[in-house]
Structures are given as structure tokens and as C-alpha cells.
Amino acid sequence: MKRVKWVLERLPALSLFALLLVLWQFAVSVLEVREYLLPSPAQVYAALTGDDIPWSRHIWVTAVEIFGAFTIAAVAGVLLGTMIAWSPLISRALLPFLVFVNTLPKVAIAPLFLIWMGYGILPNMLIGALIGFFPVVINTAVGLSQIESDLIDLGRVFNAPKWKVFAKIRIPNAYPYILSALKITATSAVVGAIVGEFVASQRGLGYVIIATQSSMNTSVAFAALFWISITGLIVFGIVAMLTRILTPWANNPDHQ
Amino acid sequence: MSDQVIQLDRVGMIYQADSGPVEALSDISLSVKRGEFVALVGPSGCGKSTLLRIIAGLRPATRGSVVVNGQQVTKPIDAVGMVFQASVLLKWRSILDNVLLPAELAGLNPKKYHDRAYDLLRLTGLQDFAQKRPNELSGGMQQRASLCRALLLDPPLLLMDEPFGALDAMTRDDMNLELLRVWGESSETRKTIIFVTHSIQEAVFMADRVVVMSARPGRIAEIKPIDLPRPRTVQVRATAEAGQLSLEIFEKLTGRKTM
Numbered sequence: 092m093k094r095v096k097w098v099l100e101r102l103p104a105l106s107l108f109a110l111l112l113v114l115w116q117f118a119v120s121v122l123e124v125r126e127y128l129l130p131s132p133a134q135v136y137a138a139l140t141g142d143d144i145p146w147s148r149h150i151w152v153t154a155v156e157i158f159g160a161f162t163i164a165a166v167a168g169v170l171l172g173t174m175i176a177w178s179p180l181i182s183r184a185l186l187p188f189l190v191f192v193n194t195l196p197k198v199a200i201a202p203l204f205l206i207w208m209g210y211g212i213l214p215n216m217l218i219g220a221l222i223g224f225f226p227v228v229i230n231t232a233v234g235l236s237q238i239e240s241d242l243i244d245l246g247r248v249f250n251a252p253k254w255k256v257f258a259k260i261r262i263p264n265a266y267p268y269i270l271s272a273l274k275i276t277a278t279s280a281v282v283g284a285i286v287g288e289f290v291a292s293q294r295g296l297g298y299v300i301i302a303t304q305s306s307m308n309t310s311v312a313f314a315a316l317f318w319i320s321i322t323g324l325i326v327f328g329i330v331a332m333l334t335r336i337l338t339p340w341a342n343n344p345d346h347q
Numbered sequence: 060m061s062d063q064v065i066q067l068d069r070v071g072m073i074y075q076a077d078s079g080p081v082e083a084l085s086d087i088s089l090s091v092k093r094g095e096f097v098a099l100v101g102p103s104g105c106g107k108s109t110l111l112r113i114i115a116g117l118r119p120a121t122r123g124s125v126v127v128n129g130q131q132v133t134k135p136i137d138a139v140g141m142v143f144q145a146s147v148l149l150k151w152r153s154i155l156d157n158v159l160l161p162a163e164l165a166g167l168n169p170k171k172y173h174d175r176a177y178d179l180l181r182l183t184g185l186q187d188f189a190q191k192r193p194n195e196l197s198g199g200m201q202q203r204a205s206l207c208r209a210l211l212l213d214p215p216l217l218l219m220d221e222p223f224g225a226l227d228a229m230t231r232d233d234m235n236l237e238l239l240r241v242w243g244e245s246s247e248t249r250k251t252i253i254f255v256t257h258s259i260q261e262a263v264f265m266a267d268r269v270v271v272m273s274a275r276p277g278r279i280a281e282i283k284p285i286d287l288p289r290p291r292t293v294q295v296r297a298t299a300e301a302g303q304l305s306l307e308i309f310e311k312l313t314g315r316k317t318m
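Residue numbers (the working numbering), protein chains in the order written: chain A, 92 to 347; chain B, 60 to 318.
Worth flagging that the hints you see were computed from the coordinates, not collected in a lab.
In this text the structure is predicted, and so the values were computed from the model without any measurement.
Note that the Cβ used here is the ideal one computed from N, Cα and C, for glycine as well.
One thing to keep in mind: the hints can contain errors.
[Claimed, not checked] When the alpha-carbon atoms are kept at most 20 Å apart in a straight line, the in silico PhoX-like pairs for lysine-lysine are as follows:
| hint | chain 1 | residue 1 | chain 2 | residue 2 |
| --- | --- | --- | --- | --- |
| 1 | A | Lys259 | B | Lys150 |
| 2 | B | Lys191 | A | Lys259 |
| 3 | A | Lys259 | B | Lys171 |
[As the list claims (entries may be wrong)] If you want the ones that stay clear, here's a sample from chain B, every Cβ over 10 Å from chain A, calculated:
| hint | residue |
| --- | --- |
| 4 | Asp62 |
| 5 | Ala76 |
| 6 | Asp77 |
| 7 | Ser88 |
| 8 | Ser103 |
| 9 | Gly104 |
| 10 | Thr121 |
| 11 | Val126 |
| 12 | Gly184 |
| 13 | Ser197 |
| 14 | Gly198 |
| 15 | Met229 |
| 16 | Asp233 |
| 17 | Gln260 |
| 18 | Pro288 |
| 19 | Ser305 |
Just chain A, with the same shape it has in the complex:
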């Protein structure tokens, strides 16, 4: 019964997707669009399954960059946000600096990272982390501070030490805020990894796309895009799963 409902709920989206694929294939055949301009779904599928490109190697590199960028952004963001919420002094010292870093166009820093660290996975990871960490910092700090004053009084009535109020009240209270920031970070990590590969790399899905520019192999570029979005969806799915585990009270529609 549940599975039937699951399928029924997704049926409209799946039908639309199938319809678009059919229209796309039909348009390309009827209008005789050349493959290097717009490949047909069939041609993209052929590129996906063909062995001209060692897909697994490129997917692996990009996936490591994306997951690394996401993890660094999440850990650094939560740590910095906690420090900001912990002490007004740290907040005053750190926040203007972070706001300044955030106003820099991170994409423009990418070439610098490559000068400092050379080609490879690490600079691309760091670019993704740099793009994605700021929302986590802000949301962590806000989530830790948005506490009803009565709850803080409750902590004071029991002479609870500050760390205990953080551990038992403030941090769980911040979960929904942190998780909604991580959804943005999941997307930023993908952007950062691909931008890094665009700037300079010899491996990864971003590199594959850049390489097709000279070979005019547009089908391969589409196939690479497909893999990028699959990797991005997996990161997004992990955040969604964390949300269900950490904040079961917030997303159960039966109990709103």
C-alpha cells in the first residue's frame, strides 16, 4: 500500500520527464539538429555507456572533491558558528573577517589556489568548501542563539554550566538551522569542484566537459552533466537523511 502511494506521488514528475525525453528525441530527429549542437537522448545514452571515456575514474575524482568540500565546509562552518555563538568577543573579532571573505568571488580565487597547491584534488575541494561554508557559519550561530529566554532561565535556575546548556539545549535547537544551510552547501560543493576542474585539471567530470570543447563531442558533455547531477543528488540525499535522523520532530507532517 505504501509502495503504491510512493509511486503514485512521483508519477507526475516521472511522466513529465519521460515526455520531455520523447519530445527532445523527436525534435532532434525531425529538425535534423547536428550532434555537436544538441545530441539526441539516444546519443547521450550511447556516450554514457560507451567506453571512449573512463567514466568511473572521472566520477571518482569529482565525487571525492565534492564530498571532501562538503565535509570541510560542514565541519569548519559548525565550528566557527559555535565559536561565534559561544563568545561575543570571538564574534566581534571573527565575523567582520568572515563577511569580508564571503564577499570575495570565490571563483576568482580558484587560480590562486592552483598556484599555491598545484593541480589535484585538494585545491578543488577547498574551492568548494570556501563557497559552501559561510551559510553554515551563519545558520549555526543563529540556531544556537534563537532560544526562548524562559529556557535560558531554566538553565540558570539549575545553575547549569554553559557547556551543558550548549550541549543539551542550544545545539539540538540549532539542528534545523544547520541542516537547512547544509542543503545549500551540498550544491555549493558541486559548483566548487567543477569550477576547480574547469580552471585546471587532468581528471574529473569538469575536465571531461572542458575537453569536449575542442573535440566538439557534445554527447560526452551531456553525459558528464548527467553524472555530475547524480553525484550532487547523492550529497543532497545524505543531507535529507541526516535531517530525518536528527530532527524527526520537525519534518513529520502528521504532527505539525
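Assemble the complex: chain A is given as a structure, and chain B must be docked to it using the hints.
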């Protein structure tokens, strides 16, 4: 001497607002005996909630002296239970874990308080909801859980800030009876309760004394002893004496003669 749990002597409180200093409380003198149920009523802005927090040591008084259990209050006092207008339960915890929170915050082993927590939940009819989350409970049940939390460490003093103010009238009447039952009206070991409310009827029905406050600045207009018989039942609430007392307090609060 030891019979006086709370002694307020000419307590005043001035806070700095954007427009300048505001006198929230002025010249409050009040003594509360052990086991006494005192209700504070008054219009909004009369500082009754502030007074409660001053007694708890959560806000400093700017004038006068506050003595609780023979000790001058300078920091949050020990052994007090607080219930607020909102239940302020932690929404990620089960009802049981919410009730156990004071033990955790006070650095005690919460496992040792399981039995006590279950006793309280049973007393308030929540035993079947121990593992539920707050958002699965009605407003009245949430406030009961909040009461259990305040009672967990068995504090001799209970400070309640409009605890039933957000509930509908019928639930509120139920909760009044329930609080009296939990309090153990005629018991020797009953707790001292300071109960802030804006409902005159609620104050008259439950309290031994009703402190009537006036606003701007908040001062005590009158202290009215309520000598209705205990246990207070629905019948007591309906008596002419109870009605007469409510009327007198109403006249004092509004300055209007009703007869």
C-alpha cells in the same frame, strides 16, 4: 523566623529603556509563609512576572532586599521549580526526557529520577505519553508535562508565571483543580507557591492570599486573604463568598464600584 520562606522588603526595580529609566516595581514588601499559596494579580505591565524572576534570583532588584530561605538573593536560588506561560519543552526530547531535564542540568544522574518522573507523569495522567514528543500533545498536556518537570527535584518552592494563561477556559479550570490536587492542599509538606495570573477567579479559587498589584510603577495595591474552606472544590468556586471576593478584587483593580 524559619516559617517565612520569602521576605521582600521595599523592593524596587528600575530598568533602562530607550526612552530613559522606567520604574517597573516600587516599594514591594511581602512575606510568604512556608506552605502558603500566594497569587499575584494585576494588569499587564504591573511587573508581576518581573517580581517572580526577582524572587528566583534571575533578575536583580535595584532597591530593597530579597530574602529567600533566610538568605539574601544575589544569584539564581536553589531548590525552586519554575513553570512559565509557554510550556518551553524541548521539542526534540520525549516527554519523559523533558521531565528529567532538571536532573541533567543540575548534574545529577537522571537514571535515579526515572521512578520519580513516572510517578509525576502518572499523577498528572501523562503516563501513556512518556515516550511521545511534545508536539504530539495538546496544550494542556504540554503544560502538565512542564509542571512535572518543575516538580522533578521536589523543590519546596514553586514559582509559576501565568502557567495556564495560554489555555482555553475549560482546560484551565481542569488544570486549576489538578494543580491543587498535586500540591496536596491539606498536606503538612505542601510546597510554597507563588502564582502569577491575570485571572481574578483563578487567583481567588486557588490562593490563601491574593496580592493585587497596580501598574506604572508596579506596586501592591492590596493583599487580600482568601478564607474559603479547603479543599477547594468546584462547589467552593461557585459559592457567593468566592464571587464576592472576586468582585472586591475586581473593584480594587479597576477602581470601579460595581454596586
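Okay, the hints, checked on the actual structure:
1. A:Lys259 to B:Lys150: Given pair Lys259 (chain A), Lys150 (chain B) holds - Cα atoms ~12 Å apart, limit 20 Å.
2. B:Lys191 to A:Lys259: Within the cut-off at roughly 18 Å; holds.
3. A:Lys259 to B:Lys171: holds, 19 Å
4. Asp62: It holds; Asp62 (chain B) is separated from chain A by about 24 Å at its closest Cβ, greater than 10 Å.
5. Ala76: Given a closest Cβ separation of 17 Å, the condition holds.
6. Asp77: holds, 19 Å
7. Ser88: Check passes; 25 Å lies beyond 10 Å.
8. Ser103: Holds, because the least Cβ-Cβ distance between Ser103 (chain B) and chain A comes to about 17 Å, which exceeds 10 Å.
9. Gly104: The claim stands: Gly104 (chain B) keeps its Cβ more than 10 Å from every Cβ of chain A (closest is about 18 Å).
10. Thr121: holds, 19 Å
11. Val126: holds, 18 Å
12. Gly184: At roughly 20 Å from the nearest Cβ of chain A, Gly184 (chain B) sits farther out than 10 Å, so the non-interface label holds.
13. Ser197: holds, 12 Å
14. Gly198: Given a closest Cβ separation of 14 Å, the condition holds.
15. Met229: holds, 24 Å
16. Asp233: Nearest chain A Cβ is 23 Å from Asp233 (chain B), so the label holds.
17. Gln260: For Gln260 (chain B), whose nearest Cβ neighbour in chain A is about 25 Å away, the distance exceeds 10 Å, so it holds.
18. Pro288: holds, 34 Å
19. Ser305: The assertion about Ser305 (chain B) holds, with a minimum of 29 Å to chain A.
Consistency with the previously given hints is maintained throughout, with no hint failing.
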